[in-house]
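**Q** This is what each chain is made of:
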Amino acid sequence: MSLAGKVALVTGASRGIGQAIALELASQGATVIGTATSDSGAEAITAYLKEAGAAGAGLRLNVTEEGACEAIIAAIEKDYGPVAVLVNNAGITRDNLLMRMKDEEWDAIMATNLKPVYQLSKAVMRGMMKARWGRIINIASVVGATGNAGQTNYSAAKAALFGFTKSLAKEIGSRGVTVNAVAPGFIDTDMTKALPDEQKAKLVEAIALGRLGLPKDIADAVGFLASDRASYITGNTMHVNGGMFMN
Amino acid sequence: MENIEQRVKKIVAEQLGVPETDVKIESSFVNDLGADSLDTVELVMALEEEFECEIPDEEAEKITTVQQAVDYVSANLSK
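Listed in order, the protein sequences are those of chains A and B. Per my numbering, the first sequence runs over residues 57 to 303. Per my numbering, the second sequence runs over residues 36 to 114.
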């Protein structure tokens with residue numbers, strides 16, 4: 057198992073895509089730390105990891121709290137060792153037409169979906185540089201590439217991840233650290249359940265494979281990028297969307 | 036115990052992959068020893084570990100030569 061003995065951190069791991077990613081990395085032998093915004097969420101992560109026979113635990117992390125990202129990396133390093141695989145998955149939506157968008161909706165997206173990617177990546181850098189091995193995988197979105205009405209804030213933050221991914225990949229590549237993004241299409245999760253059925257049906261029509269994606273479809277891509285099989289891939293965005301958008 | 040200058044030079048040589056004999060007290064990491072900006076960050080990390088101290092970013096940016104590293108460590112090290 058290629059990730060045996062390595063520590064992986066997955067943010068937003070209590071359900072959906074994050075949970076599938078945590079379990080995939082655990083299946084490769086990693087010690088997995090999953091984060092959730094609530095204590096009950098963190099407990100749920102600990103429980104499903106235990107059920108899967110995986111090492112690791114759930115921890116509470118509110119990425120928008122001052123100093124929280126740095127503090128959790130320090131705590132993980134102390135208890136488990138340096139983070140070798142960082143999956144920036146935590147994300148929220150605050151959809152609105154631009155003309156109706158509130159500053160709070162814009163700011164909440166940037167504070168949750170973008171800034172912590174910078175903060176967590178920075179905090180794990182020292183450990184990865186020393187180890188001469190590391191994987192940073194940013195969960196973006198197809199709408200960062202295609203745009204989507206009602207999601208100027210969300211798509212702007214997701215598109216920003218593409219640039220961040222490429223720049224950091226160039227910065228740190230010489231130290232054996234790869235930085236990639238995975239851009240999910242329309243995945244069947246709580247986030248997309250909020251959409252009206254009519255809109256869903258229309259979206260599925262635009263998917264070449266004719267179905268919604270599953271969290272596992274994203275986790276498989278992340279699992280590949282985290283493994284040694286992907287050691288020559290960096291600065292890339294892997295689109296996992298069933299052919300909804302072809303780059 | 037080796038003195039601070041010798042310890043610093045040894046770390047510089049190791050980190051930058053240059054022979055220890057090339058590392059002079061006046062050597063600049065970037066101009067003389069071929070370091071890039073990321074190398075200098077790593078060098079500071081290595082100094083922090085060797086001397087068990089934390090070098091703040093604003094101080095680290097000023098350390099560009101062997102002499103400056105020796106001076107910083109000498110001034111900020113209790114042992």
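Calculated directly from the structure, the hints in this document are not laboratory data. Don't take every hint at face value.
[Claimed, not checked] Under the rule of at most 30 Å between Cα atoms (straight-line distance), these lysine-lysine pairs were calculated in the DSSO-like manner: (1) K59/B <-> K186/A; (2) K178/A <-> K256/A; (3) K97/B <-> K226/A; (4) K106/A <-> K226/A; (5) K171/A <-> K134/A; (6) K158/A <-> K226/A; (7) K222/A <-> K45/B; (8) K59/B <-> K45/B; (9) K45/B <-> K249/A; (10) K97/B <-> K222/A; (11) K171/A <-> K222/A; (12) K45/B <-> K97/B; (13) K272/A <-> K256/A; (14) K59/B <-> K222/A; (15) K249/A <-> K178/A; (16) K249/A <-> K186/A; (17) K258/A <-> K158/A; (18) K171/A <-> K59/B; (19) K171/A <-> K97/B; (20) K134/A <-> K106/A; (21) K226/A <-> K171/A; (22) K226/A <-> K45/B; (23) K97/B <-> K59/B; (24) K106/A <-> K272/A; (25) K106/A <-> K249/A; (26) K186/A <-> K158/A; (27) K59/B <-> K134/A; (28) K158/A <-> K256/A; (29) K249/A <-> K226/A; (30) K178/A <-> K272/A.
**Q** State for each hint whether it applies.
**A** Quick rundown of the hints versus the structure:
no.	hint	result
1	K59/B <-> K186/A	holds, 25 Å
2	K178/A <-> K256/A	violated, 37 Å
3	K97/B <-> K226/A	holds, 24 Å
4	K106/A <-> K226/A	violated, 37 Å
5	K171/A <-> K134/A	holds, 24 Å
6	K158/A <-> K226/A	violated, 35 Å
7	K222/A <-> K45/B	violated, 34 Å
8	K59/B <-> K45/B	holds, 11 Å
9	K45/B <-> K249/A	violated, 59 Å
10	K97/B <-> K222/A	holds, 28 Å
11	K171/A <-> K222/A	holds, 16 Å
12	K45/B <-> K97/B	holds, 20 Å
13	K272/A <-> K256/A	holds, 20 Å
14	K59/B <-> K222/A	violated, 37 Å
15	K249/A <-> K178/A	violated, 33 Å
16	K249/A <-> K186/A	violated, 42 Å
17	K258/A <-> K158/A	holds, 28 Å
18	K171/A <-> K59/B	violated, 42 Å
19	K171/A <-> K97/B	holds, 28 Å
20	K134/A <-> K106/A	holds, 21 Å
21	K226/A <-> K171/A	holds, 20 Å
22	K226/A <-> K45/B	holds, 29 Å
23	K97/B <-> K59/B	holds, 18 Å
24	K106/A <-> K272/A	holds, 19 Å
25	K106/A <-> K249/A	holds, 28 Å
26	K186/A <-> K158/A	violated, 43 Å
27	K59/B <-> K134/A	violated, 37 Å
28	K158/A <-> K256/A	holds, 26 Å
29	K249/A <-> K226/A	violated, 37 Å
30	K178/A <-> K272/A	holds, 28 Å
The structure fails hints 2, 4, 6, 7, 9, 14, 15, 16, 18, 26, 27, 29 (numbered hints given earlier, in ascending order).
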